[in-house]
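Listed below are the residues making up each chain.
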Amino acid sequence: MKRMRDWWANPWGQPRLLGVITWGYMVWSIVPVGIAILFSFNDGRSRSVWQGFSFRWYWGDPNSSVLHDPALRGALEQSLKLAGLDMLISVPLGVGLAIGLTRWRGFGARPVNFLMLFPLVTPEIVMAVSLLLVFVTLYKIQLGTTAQVLGQVTFSISYVVIVVRGRLLSIGPEYEEAARDLGASALGALRLVLLPLLTPAIFASFMVVFALSIDDFVVTDYLSSNSSTQTVPIKIYSSVRGTATPALNAVATVLVIATLAAVTLAAVVYRILNARTGEKGTGVREIAALDV
Amino acid sequence: MIRRLFWPSFALPGAIWLVLLFLIPTYAVLAVAFGTTDPIFNNPVPVWNPLHWQFASMRSVLHESLPGRTFWTVDVRTFAYVAISLAGCLAVGYPVAYYLARHARRTKTLLLVLLIIPFWVSYLMRMLAWIGLLLPDGLVNRTLMDVGVLSHPYGWLDGQASSVILALIYGYVPYLILPLYATLDRIPGSVLEAGRDLGASPIRTFLHVTLPLSRHGILAASVLIALPMFGDYYTNDIISASPRTTMIGNQINLFFQEGSQRTIGASLVIVLSVVLAVLMSYYLWVTVRASRTTELA
Numbered sequence: 010m011k012r013m014r015d016w017w018a019n020p021w022g023q024p025r026l027l028g029v030i031t032w033g034y035m036v037w038s039i040v041p042v043g044i045a046i047l048f049s050f051n052d053g054r055s056r057s058v059w060q061g062f063s064f065r066w067y068w069g070d071p072n073s074s075v076l077h078d079p080a081l082r083g084a085l086e087q088s089l090k091l092a093g094l095d096m097l098i099s100v101p102l103g104v105g106l107a108i109g110l111t112r113w114r115g116f117g118a119r120p121v122n123f124l125m126l127f128p129l130v131t132p133e134i135v136m137a138v139s140l141l142l143v144f145v146t147l148y149k150i151q152l153g154t155t156a157q158v159l160g161q162v163t164f165s166i167s168y169v170v171i172v173v174r175g176r177l178l179s180i181g182p183e184y185e186e187a188a189r190d191l192g193a194s195a196l197g198a199l200r201l202v203l204l205p206l207l208t209p210a211i212f213a214s215f216m217v218v219f220a221l222s223i224d225d226f227v228v229t230d231y232l233s234s235n236s237s238t239q240t241v242p243i244k245i246y247s248s249v250r251g252t253a254t255p256a257l258n259a260v261a262t263v264l265v266i267a268t269l270a271a272v273t274l275a276a277v278v279y280r281i282l283n284a285r286t287g288e289k290g291t292g293v294r295e296i297a298a299l300d301v
Numbered sequence: 319m320i321r322r323l324f325w326p327s328f329a330l331p332g333a334i335w336l337v338l339l340f341l342i343p344t345y346a347v348l349a350v351a352f353g354t355t356d357p358i359f360n361n362p363v364p365v366w367n368p369l370h371w372q373f374a375s376m377r378s379v380l381h382e383s384l385p386g387r388t389f390w391t392v393d394v395r396t397f398a399y400v401a402i403s404l405a406g407c408l409a410v411g412y413p414v415a416y417y418l419a420r421h422a423r424r425t426k427t428l429l430l431v432l433l434i435i436p437f438w439v440s441y442l443m444r445m446l447a448w449i450g451l452l453l454p455d456g457l458v459n460r461t462l463m464d465v466g467v468l469s470h471p472y473g474w475l476d477g478q479a480s481s482v483i484l485a486l487i488y489g490y491v492p493y494l495i496l497p498l499y500a501t502l503d504r505i506p507g508s509v510l511e512a513g514r515d516l517g518a519s520p521i522r523t524f525l526h527v528t529l530p531l532s533r534h535g536i537l538a539a540s541v542l543i544a545l546p547m548f549g550d551y552y553t554n555d556i557i558s559a560s561p562r563t564t565m566i567g568n569q570i571n572l573f574f575q576e577g578s579q580r581t582i583g584a585s586l587v588i589v590l591s592v593v594l595a596v597l598m599s600y601y602l603w604v605t606v607r608a609s610r611t612t613e614l615a
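Just so you know, the sequences run in chain order A and B. Here the first sequence is numbered in our numbering, starting from 10 and rising by one per residue. Here the second sequence is numbered in our numbering, starting from 319 and rising by one per residue.
There may be inaccurate statements among the hints.
Simulated restraints on C-beta separations [unchecked claim]:
(1) B:321 x A:123: 24 to 34 Å
(2) B:378 x A:278: 19 to 29 Å
(3) B:321 x A:149: 50 to 60 Å
(4) A:208 x B:473: 49 to 59 Å
(5) A:63 x B:604: 47 to 57 Å
(6) B:530 x A:54: 49 to 59 Å
(7) A:183 x B:530: 16 to 26 Å
(8) B:526 x A:281: 41 to 51 Å
(9) A:149 x B:378: 22 to 32 Å
Here's a subset of chain B near chain A, in silico, CB distances under 8 Å, partners left out [to be verified]:
(10) 325
(11) 402
(12) 456
I should point out that these hints are in silico values taken from the structure, not numbers from a laboratory. Since the structure is predicted, the reported quantities are computational estimates derived from the model, not experimental observations. Cβ atoms here follow ideal geometry from the backbone N, Cα and C, with glycine treated the same way.
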């Protein structure tokens, strides 16, 4: 009893209950996904009863494995294609917007700054409906890959701005001013001083946009035309309640592995870049402290 | 002149993008909701001029939202589900964020990695995982039957409100923990030590120092997950797929995917947005205020 009281009275002691809750939460959040991944290696058709280990649903099955089922393979390709295009378009736009908004003090900066925040708080279904309606009635854009990319970029830009602007604010204008004092042009200072300093943030933006795009369901689904533009999340949504085989788990697993590989690679590069500019940290804490 | 346009020109492409693909689409929802319907093809015909707006479909949506009518039940159910899920998320998420910010030492990086992993696993994949567990012959039912709690499999996926709420909590809690952690991590330890030095018990220090200092963080993070929950339809469709658990998002989705009554759907979107505008303005206010203080500092 006394030990209990001492433990309670010491504010810097290890609060075991909180520790138990935290580790319990971690197990609860990750184990179900682990089990779903495990069942992608199931030898039978069941997604809930274990029937032995095999790669049947990855490439073994001649008709319905990820490799041989054109619908699943197509979904995987569409997911990755959209992620690539989204990254290529939204990162430059967002970086430009972040630089412009932090340095520009004119009368237009405020409304744009305000507008940029809205996609972050608008429920996805509202955004999906509005994009669908404007494409169909006003812009006459065919639903499909183009429309999906336009939609994904629209919600990705704001996240890039948040990531890059955080870095810009912590850098401050001094380095650039020093470069200008030493005779660099405005563009030269930007290219030679600001952009190298921003590289880690730009890298982080690529990671964030990749994750946003891969994860997105609502906007991508509303703007898809037919089964040829279905992504993996759409495939999961449309077949998870039916008689889906573990091939569905397998295609989702491939996507998870691709994402984790990309993220790990990015984290390693991020670390190297940071080490070059003399900063410590793995990037994990920076991303976790990201307020979005 | 050129110098004055230097910085704005960087922001211009992004700004134009947002005007064309965010601002104008938002107006398109208004134009469709207050527009008319093509009598032959049953397509919505948007009316872009506000002077010619028709309010018939909005009136019928509002009428149906009165107590006792179709949308009323759905609205009340949505609020209840979101409120319970939010409370659940806070009950799970706050202790975790608190432990991470205050007490985790050597394990901090590992815990943060574990915390971020759900962000790299698609939401739908995480729902897929639960479907596998909750199937009639899934692990949950088999475990409960082995222990003797259940005598026959329980239909977790047959339109149970509890399953939907648990799925919502599971789906959204990571998005709550990260911003909460960021808030709690920013509270300086010296403030807490001061509280303790002045004789406050750990609980009093928590109630009078930590909690007030994290109030805005808690509210902002709650808003951040409540907004998408209000528009969520896929969690419900996957876990329940029964009209007994229909939420506003499902109702809107129905009007659009079936394609027949888009003006009604657009009106519902407007009603939802107006209700959520209160929450959104609060979040924007907190964000703008926070960014201003960082700029000053």
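key: Hint numbers not upheld by this structure, sorted from lowest to highest   = 2, 3, 7 and 11
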